Amino acid sequence: MSNSNYTPGPGHYVAPLEDTPLAAVDAVSVDEKPSNLWTDAWQDLRGRVSFWISLALILLVAVVAIFPQLFTSVAPDACDLDNSNGGSEPGHLLGFTMQGCDVYSRIIHGTSTSVSVGLIVTVLVFTLGLVFGAISGFYGGWVDSVLSRAGDIFFSIPYILAAIVIMSQFKAEDRNVWVISLAIGLFAWPSTARVLRAEIIRVKQADFITSAKSIGLSNFKILIRHVLPNSIAPVIVITTLSLAGAIVAEATLSYLGVGLPTTIMSWGNDIGAAQDNLRNSPMTLIYPSIALSVTVLAFIMLGEAVRDALDPKARARR
Amino acid sequence: MARYIFFRLLQAIPVLLGTTLLIYYMVFAMPGDPILALFGDKTPTAAQIEALREQYHLNEPFIMQYLRFLGGIFVGDLGTTYSGQPVISVLQSTFPVTLRLALLALIIETVFGIGLGLLSGLRKGGASDNIILAFSLLLISLPIFVIAFVLQYLLSFQLGIFRATVGEGAPWSDLMLPAIVLATASVAQIIRLARTSVIETAGQDFVRTAYGKGLSRGRVIPVHILRNSLIPVVTYIGTDLGVMMVGATVTEGIFNVPGVGRTLFQAIRQSEGPTVVSFVTVMVLLYLILNLLIDLLYAVLDPRIRYVK
Chain A
1 MSNSNYTPGP
11 GHYVAPLEDT
21 PLAAVDAVSV
31 DEKPSNLWTD
41 AWQDLRGRVS
51 FWISLALILL
61 VAVVAIFPQL
71 FTSVAPDACD
81 LDNSNGGSEP
91 GHLLGFTMQG
101 CDVYSRIIHG
111 TSTSVSVGLI
121 VTVLVFTLGL
131 VFGAISGFYG
141 GWVDSVLSRA
151 GDIFFSIPYI
161 LAAIVIMSQF
171 KAEDRNVWVI
181 SLAIGLFAWP
191 STARVLRAEI
201 IRVKQADFIT
211 SAKSIGLSNF
221 KILIRHVLPN
231 SIAPVIVITT
241 LSLAGAIVAE
251 ATLSYLGVGL
261 PTTIMSWGND
271 IGAAQDNLRN
281 SPMTLIYPSI
291 ALSVTVLAFI
301 MLGEAVRDAL
311 DPKARARR
Chain B
1 MARYIFFRLL
11 QAIPVLLGTT
21 LLIYYMVFAM
31 PGDPILALFG
41 DKTPTAAQIE
51 ALREQYHLNE
61 PFIMQYLRFL
71 GGIFVGDLGT
81 TYSGQPVISV
91 LQSTFPVTLR
101 LALLALIIET
111 VFGIGLGLLS
121 GLRKGGASDN
131 IILAFSLLLI
141 SLPIFVIAFV
151 LQYLLSFQLG
161 IFRATVGEGA
171 PWSDLMLPAI
181 VLATASVAQI
191 IRLARTSVIE
201 TAGQDFVRTA
211 YGKGLSRGRV
221 IPVHILRNSL
231 IPVVTYIGTD
241 LGVMMVGATV
251 TEGIFNVPGV
261 GRTLFQAIRQ
271 SEGPTVVSFV
281 TVMVLLYLIL
291 NLLIDLLYAV
301 LDPRIRYVK
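Taken in order, these protein sequences are the chains called A and B. Per the UniProt record's numbering, the first sequence runs over residues 1 to 318. Per the UniProt record's numbering, the second sequence runs over residues 1 to 309.
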């Protein structure tokens, strides 16, 4: 007996299909894109002012880093001691350093240094953190113990201290963007690895992993196709935030005098060079500090917007 | 509890060995001859160099130097600096200063961090919450040396409230400004942690029950909400104190504080391997001990946590 032929007997009331909760089942459009963590996060991000502000700032910083000539025609190393600590004048908006170099031009040309150190460190930290975190979280056992203890060792040395020690091994002329990025990144990865490890251990117990195992997928395929995509979100957040940390670290090391040599334009170097004249010409120090802080602010704002968008719990808190 | 402390101490040993070995290796690999650097412009005779190399054991292979150093730690001998002073006595004169600086900074950041975080969390979405959040974002974005210079310029050079550099004997009043600078680095993180934690706790059933049985806000907020919100904050402050010993490098340099940070930085620049390693070893030891103490503090703060394994 098919449903369409069924007629209820007397005394039995059957509501029309439209009035029952079953209508909701029919109302689901199968053509609609399924929503998941990433589409939800994008929906959330699109509506955030801080996301668009940070994106605009980062875009600006990126353009300045790639095409500094577009923003200034003054050479950053064309210095005239007659202008030492000179104030603002036409064509030299932000005045001069103690060496008589144009402050504005030095800030513009220093941008690429900060951005490249930030990017290289981030790629390094992401790669090391991903490999070590994934292996120790997924395989567990003695592999996990060994890798976690190794991570602990790197973790218990504060990274600036470690970077100072590493950087001191290089003569000033051998130091460059790559060396300083390596020095910072080498001790910054354990936190990324820890976050990923914890997340993988959580995801590993999910039912869909058991299903994947039961249909006979190899361990490696399960890790790449099922575990990693489901545990990468917190890693992306910590990676975005570590970009800001790397920029600060470079500036700090250069400021201390164990960073980049003075021949490479760097905000940290300029701040360090201006510190002796803080009392007489504070703006020489303040301007590069503003450039540095705004860049860092942009990346932190982006990282926090992404974090809030990717974390459903954080969304509920607001 | 004793069992737990024992196992935590046991866990700390390989980390400490690994850390000292790693740092000692990095220092060992540094270029430049420290003996030649000692003489400056003068040229020492070959016999003088040889005698000094012998005195500092620089002729021995790396692993022997490391073992010698490690053995020294256990008998309280941390070697001598290249200027002839025992490292331990350098530590004795500089560590108390840094400790006082860190303590002052810790008090400042805890009071303001928890206070503002609580205020912000209880008024979630309000004007004061938004202002405090924007303020904390700004503080996080400012590198510590930028904050140091701005405050030094404004408060010392312009307004004359504090002395720009720390004077003889590092009196508490002189340490105030460096401590404020050191605290700003962490205060923003504490505000945010406390805020999130307070919001989460305030939504719990037991808080509703407390209000429901007629308790006043004056009792619920400190006893029920605050006490249960402190765990993430305490964890952060614990790890932060270890990092602070090093974050002090920049601050102590700028304000000329005669502490470990300044000494350490000078030692690294002069390639004084043993001095650097001793200072770092002490810092790492301190860091591990502090983390252990923090772990034990959990049990006091949160009765649900029992270390019975």
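Calculated directly from the structure, the hints in this document are not laboratory data. Note that the structure is a prediction, hence the values are computed from the model and not measured. The reader is advised that the hints may include incorrect statements.
To be verified - Covered, in the sense of this in silico footprint (three residues per stretch, anywhere, with C-beta under 8 Å from a C-beta of chain B), are these stretches of chain A:
#1 58 to 71
#2 106 to 114
#3 242 to 254
#4 266 to 278
#5 286 to 293
Unchecked claim - Partial list, derived from the structure: chain B residues whose beta carbon lies under 10 Å from chain A:
#6 Leu142
#7 Phe145
#8 Leu155
#9 Phe157
#10 Leu159
#11 Gly160
#12 Ile161
#13 Gly247
#14 Gly253
As the list claims (entries may be wrong) - A few chain B residues that don't get close to chain A, going by computed Cβ distances all over 10 Å:
#15 Gly18
#16 Leu22
#17 Ala51
#18 Glu60
#19 Val75
#20 Arg100
#21 Gly115
#22 Ile131
#23 Val146
#24 Phe149
#25 Gly167
#26 Gly214
#27 Leu226
#28 Asn228
Every residue gets a Cβ at the ideal spot worked out from N, C-alpha and C, and that includes glycine.
How the hints compare with the structure:
no.: 1; hint: 58 to 71; verdict: violated (count 0)
no.: 2; hint: 106 to 114; verdict: violated (count 0)
no.: 3; hint: 242 to 254; verdict: holds (count 4)
no.: 4; hint: 266 to 278; verdict: holds (count 3)
no.: 5; hint: 286 to 293; verdict: holds (count 4)
no.: 6; hint: Leu142; verdict: holds (5 Å)
no.: 7; hint: Phe145; verdict: holds (5 Å)
no.: 8; hint: Leu155; verdict: violated (12 Å)
no.: 9; hint: Phe157; verdict: holds (5 Å)
no.: 10; hint: Leu159; verdict: violated (13 Å)
no.: 11; hint: Gly160; verdict: violated (12 Å)
no.: 12; hint: Ile161; verdict: violated (15 Å)
no.: 13; hint: Gly247; verdict: holds (8 Å)
no.: 14; hint: Gly253; verdict: holds (7 Å)
no.: 15; hint: Gly18; verdict: violated (4 Å)
no.: 16; hint: Leu22; verdict: violated (6 Å)
no.: 17; hint: Ala51; verdict: holds (26 Å)
no.: 18; hint: Glu60; verdict: holds (20 Å)
no.: 19; hint: Val75; verdict: holds (24 Å)
no.: 20; hint: Arg100; verdict: holds (20 Å)
no.: 21; hint: Gly115; verdict: holds (21 Å)
no.: 22; hint: Ile131; verdict: holds (15 Å)
no.: 23; hint: Val146; verdict: violated (4 Å)
no.: 24; hint: Phe149; verdict: violated (6 Å)
no.: 25; hint: Gly167; verdict: holds (18 Å)
no.: 26; hint: Gly214; verdict: holds (28 Å)
no.: 27; hint: Leu226; verdict: holds (18 Å)
no.: 28; hint: Asn228; verdict: holds (16 Å)
Violated hints, listed in ascending order, are 1, 2, 8, 10, 11, 12, 15, 16, 23, 24; each of the other numbered hints is respected by the structure.
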